[in-house]
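Visitor: Given only the sequences and the hints, what does the whole structure look like? Please build it.
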Amino acid sequence: MAHSIELLFDPDTEALLQRMWDDLGALKKAGLPIRVPPGRPHVTVAVAQRIDPDVDELLIPVARGLPLRCVIGAPVLFGRSNIVLTRLIVPSRDLLDLHAEVHRLCGPHLLPEPMANSLPGQWTAHVTLARRMEAAHLAAALAIAGRPTQFEGRFAGLRRWDGDQRVEFALG
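Residue numbers (my numbering): -9 to 162.
One should not assume that every hint holds.
[What the hints assert, rightly or not] Derived Cβ-Cβ restraints for the label pairs, each shown as a range:
#1 Lys19 with Ala90: 37 to 43 angstroms
#2 Pro81 with Ala160: 23 to 29 angstroms
#3 Leu78 with Asp13: 17 to 23 angstroms
Calculated directly from the structure, the hints in this document are not laboratory data. C-beta: ideal position from N, C-alpha, C; glycine also.
Guide: Pasting the structure below:
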């Protein structure tokens, strides 16, 4: 499993995103093939096969810089089959600066190297809403995931996620 550094939302933003997860989960109960992520809504800013725990101390100043305003934008799809449904996090200058700082601090601790799609200049900030969707069911999912069309939120925390142990380490 992958390890990651992730931004967490404030309670109000997380609750709104959690309602979307719950509503998408109802589609699964109705028989549509859809997988809602486990855990809690987040935005991954760095990912690798393994992240050395030494980054925790290095990232405390970044975490202390939160909260950070964010805008949750339009739905974005990744993949062609087994589609991943997400919402775009509109890339503000502050968010891009935070992302670059995380990579500057973490770079040597992302083992064996950071995954390319998380690198500055190649990263699409997003929050995942559902995975393994089939194109035939997109309309139903987008009716849930596309409303409201855009909303403001806040990032309130930073964590390191150990995907092997399925354990989170709060930073800051």
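Visitor: Starting from the range 23 to 29 angstroms, see whether the pair Pro81 and Ala160 falls in it by beta-carbon distance.
Guide: 25 angstroms, holds
Visitor: Given the range 37 to 43 angstroms, decide if the beta-carbon distance of Lys19 to Ala90 lies inside it.
Guide: Roughly 41 angstroms apart at Cβ, these two residues keep to the hinted range, so it holds.
Visitor: Would you say the C-beta atoms of Leu78 and Asp13 sit inside 17 to 23 angstroms of each other?
Guide: Holds, at about 19 angstroms.
When held up to the earlier numbered hints, the structure conflicts with none and fits them all.
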